[in-house]
Structure formats: structure tokens, C-alpha cells
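Using the working numbering, you'd call the opening residue of the sequence shown number 4 and step up by one each time.
There may be inaccurate statements among the hints.
Quick list of simulated restraints, FRET-style, between CB atoms [to be verified]:
id: 1; residue 1: Arg12; residue 2: Cys66; range: 32 to 40 Å
id: 2; residue 1: Ser70; residue 2: Glu41; range: 14 to 22 Å
id: 3; residue 1: Gln56; residue 2: Ala25; range: 20 to 28 Å
Simulated from the structure, these hints should not be mistaken for lab results.
Computed from a predicted structure; not experimentally measured.
Every residue gets a Cβ at the ideal spot worked out from N, C-alpha and C, and that includes glycine.
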Amino acid sequence: MSPARSLSRTYSLEQAAGEAPALAALMDRARRSRHLLEQVLHRIPPGLRPQVQAGPLDDTQWCLLVSNPSAATKLRHLTPLLLQDLSQLDAQVTGIRIKIQSGGR
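Let the sequences and hints guide you as you build the complete structure.
Right under this line is the structure:
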């Protein structure tokens, strides 16, 4: 197969993940992070929800991304309730970090 032909082949994200275990693990963590946010969303006031996104998840730490400092402050006050809900879900999360997204993201 010529180099030009191999470069033109496209893969879906799932196909690429199937061939790259590290990518598959990253996709799984992103999926689990979004699922955790869905499970605790009821604790976040409706007006704040659009400003919160699921962020990186590792073994025990979960990061939530927010759009501005005010949202970060409000969410930090809810952290104990979120951790309580996560423990009832048997999630292994013991800490939540709140990060403010930079303007371009």
C-alpha cells in the first residue's frame, strides 16, 4: 500500500481506541467522569448546571470544570454533598478539584 493511501484511511474513535489501549482507557475515564456528573447533578442548582462540566478522573480524584470564579466558589460549597453522594454510589472518589476553564475552551 502506498503511503498516500495509508494516510487517507480514516478511523472512528472507537476503531482507534480498539487499536490503542491507552486511548481506550482515556475514553473510559472520560465516560466515567461524565457518568459521575450525571449522578450528582441533582445537587447542583439548576442555574449553575450549564457552567459545570465533567473533567479528568483518576483513581481517587475527580476534577470538575467551571466557567468562572463565581461558579467555582458555589461548587466548592457543594463538594461535601457531592462526595457523600459519590460514596453512596461506591465511587472510589475521595477528593474533588474545581478548576476554572480558561477563556478559549
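Against the structure, the hints come out as follows:
Roughly 35 Å separates the CB atoms of Arg12 and Cys66, a value that falls within the hinted 32 to 40 Å. For the hinted restraint 14 to 22 Å between Ser70 and Glu41, the CB-CB distance of approximately 19 Å keeps it satisfied. Roughly 23 Å separates the CB atoms of Gln56 and Ala25, a value that falls within the hinted 20 to 28 Å.
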